[in-house]
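*Asks:* Residues per chain, in single letters:
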Amino acid sequence: MDFLCGIRGKDFVLVCSDTSAVQSIVTMKQDEDKLVPVDSHKLFAISGEAGDRVNFSEYIIANVRLYALRNGQQLSTKAVANFTRSELATALRKSPYHTNLLMAGFDEGVGPSLYWCDYLATLHHMNICGTGYGSYFVLSMFDKLWHPNLTEAEALEMMRKGVEEVKSRLVVAPPKYLVKVIDAKGIRTLGEL
Amino acid sequence: MEAISNAGSCVGILAKDGVVLAAEKRITSKLLDSQAVGVRREKMYRLDDHIACAVAGITADANILVNSCRLAAQRYLFTYQEPMPVDQLVRQLCDTKQGYTQYGGLRPFGVSLLYAGWDKERGFQLYQSDPSGNYGGWKATAIGANHQAATNVLQGDFKDDLSLEEAIKLVVKVLSKTMDSTTLSPDKVELATLSRDEDAGQVVYRVYEPSELKPVLEAVNEEMTKEKEKEKK
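The listed protein sequences derive, respectively, from chains A and B. Numbers given in our numbering equal positions in the first sequence, counted from 1, plus 64. Just so we're aligned: 69 in our numbering is position 76 of the second sequence, and the numbers increase by one with no gaps anywhere.
The shape of chain B in the complex, shown without the other chains (with noise of 0.2 Å):
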């Protein structure tokens, strides 16, 4: 529980057409190389076609559990031909954490996840689970350091029936409050938003790249000095 308040923070919202998931990358030096592998995209997974995840703790052993979700989704698939649905493939990582709590001789693993995804039957949905292998589903969550700064932000600004659009604003104003810094920059943001292609009936998975990244934030900081300014008068 520890390392998790340390780590980057990430916030997750569920808007009525997908989910959004945004990341804090606490590693930024301009000594390293921004596109190696495990850099460039830090904390933000895809698990299968339909889910994703974006991972708070220690990263080794997010790896690990990362490797067993994708593994737990393929078998599934090979198995009925179908997806796995999306709360039984939390479900089974959350029982997997569980196992680590309760026998001696190893230490629990030390990620808190949150996932997005979708399915058939309960269509687009957002889970939380942490070390404990406590899990549950929310409209809108974070976790990571400030984690409760950010849930408090969410608790005043979250409405019912966000568009994507909108849901993306917030993740990204959000996150803005639990970092340190004033100014949000691309290289310290990730950002991911799972909707789906109704024509093609697939599920879209798209990660912002830097200059994605750029408008968007920048219009964020911009409404954010707005405000500021509106409460100084």
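For reference, chain A alone in the conformation it holds in the complex (with noise of 0.2 Å):
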């Protein structure tokens, strides 16, 4: 019942995720942080499985912090992106990790960058995403809303409708959102919806 989703600014990208941790029926806690930094300009928005969603992205965000100190340099978002593209199609066919994830990340450079990818591996770099029943409701919104130039304010607001719509319209949906944001300054927290 996980909901992710991120929109990609001009010049930041923003993500939202709940906070709920459940299993099977009983929401456990409705403090979890779904939104974990790889880096100084990068973060990780992970649904799924409990504890694949922990295990892979230690697994990920060890390898990428391993990569810096070995080469001196930080890998990029898109190589981020991909390299977690190859490890998840890597397990597929072993040991699968029921994981969806979006990964968001600003590049000296490159600018803001989005990606979405679900458990089979699949990788598309958007400019709004979501995943679980929650996007559903906002991915239409998003689309209408969405154009090139937008600020972050207009992004946040954007945000907070789409949640408003997953609270009114969602069956099983989860009553705490957190919104990060990611700029060239690094990343921050805006707050809860």
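Derived by calculation from the structure, the hints in this document are not laboratory data. Don't be surprised by glycine CBs; every beta carbon is placed ideally from N, CA and C. Hints are supplied without guarantee of correctness; some may be wrong.
[To be verified] Simulated restraints, written as ranges between beta carbons of each label pair:
hint	chain 1	residue 1	chain 2	residue 2	range
1	A	Val86	B	Ala193	48 to 54 Å
2	A	Gly173	B	Lys207	38 to 44 Å
3	A	Val236	B	Asp88	49 to 55 Å
4	A	Glu216	B	Gly149	54 to 60 Å
5	A	Arg252	B	Asn145	53 to 59 Å
6	B	Glu220	A	Leu130	51 to 57 Å
7	B	Arg39	A	Thr186	29 to 35 Å
8	A	Leu133	B	Lys9	27 to 33 Å
9	A	Ser88	B	Asn60	49 to 55 Å
10	B	Asn60	A	Asp207	47 to 53 Å
11	A	Gly173	B	Leu25	46 to 52 Å
12	B	Asn60	A	Glu228	54 to 60 Å
Now that you have both chains on their own, put them together as the hints suggest.
*Replies:* This is the structure in structure tokens:
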């Protein structure tokens, strides 16, 4: 029932996730942070099987950090996205990870980027994207509202409208949502919706 | 190390808008089919879209190393969908080379290489590696026979901010001083450049054909005879 969504603006990326930790039909807690930082300018938004989610993201993040340590330079968001995809694809026919994820980052010279990846290792570079049942409610709305010169305030307003829709229409809507933004300055938490 | 100091020399120069590699071809006989594979290009190899190398030493050993370089570059591209940074490729190969100096029963690869490459992080780069697995980045360097003499000439004549054009002239001049013969001929020299097409955003690797090489060599020959005459006066 996880819900993730992301919006890419002109010089920033906005990502939003619910904060519920769910075990079968029971909500365990309401303060789970599913937006995990990879480095100063990249983050993963991860949904899916709780164990796989943590295991897989920690594995990828550790490898990205190892690369930076070994080579004295950071991987770009594109490289991280493709590395993650290839790891998911390799695992798919052995012991698959059941995780869908969004990858957001800001690179010098490239600008903001937002990638969508599902557990079958499909990777897309997107302007707007979402996963989970909630995305059925927000994607068409984002399609209508998105434009290339979006400001951060506009994007946050879009996000608020989207979450509102999910809360009012989705049967199994989570109650709390966390929003983070990445721009040239790094990752910041914008607050809860 | 012995095999390398006998091998035909290779010279590389880093210019501001590209890298030049030049090598001396040792096997010249009129019976040789100059168009056959492995004869036409004896020492220059393209490792990836953005990296090329020149080798000095045992060619058979070099082929193995070149193959592993190409494999590494493609593996990197497959994983990250981005071209491999030049220094990483050099380091990976040198790790392999170092391995063969440490384990018993095998001899090390008798090859020194010059790598010319471009990547978005560090721009144009020139690296050199030897059989022990040592490597380093250079503005201008030489390997193979008489590399000491070549280095001396480079130290005298190298300037920062050389253009590719000037670097080609210098590289040929240096090469001629390491060779036994006084005049250069296209069948004894291999010349390759690595530059960038800024509009297309692509790295351009160009190997000079004998017909293209001829005017370059003649110009340098002429210059050198003039210099000699001056010295005589």
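*Asks:* Give a verdict on every hint.
*Replies:* The hints, checked one at a time:
no.	hint	result
1	A:Val86 with B:Ala193: 48 to 54 Å	51 Å, holds
2	A:Gly173 with B:Lys207: 38 to 44 Å	42 Å, holds
3	A:Val236 with B:Asp88: 49 to 55 Å	52 Å, holds
4	A:Glu216 with B:Gly149: 54 to 60 Å	58 Å, holds
5	A:Arg252 with B:Asn145: 53 to 59 Å	57 Å, holds
6	B:Glu220 with A:Leu130: 51 to 57 Å	54 Å, holds
7	B:Arg39 with A:Thr186: 29 to 35 Å	33 Å, holds
8	A:Leu133 with B:Lys9: 27 to 33 Å	32 Å, holds
9	A:Ser88 with B:Asn60: 49 to 55 Å	53 Å, holds
10	B:Asn60 with A:Asp207: 47 to 53 Å	49 Å, holds
11	A:Gly173 with B:Leu25: 46 to 52 Å	48 Å, holds
12	B:Asn60 with A:Glu228: 54 to 60 Å	59 Å, holds
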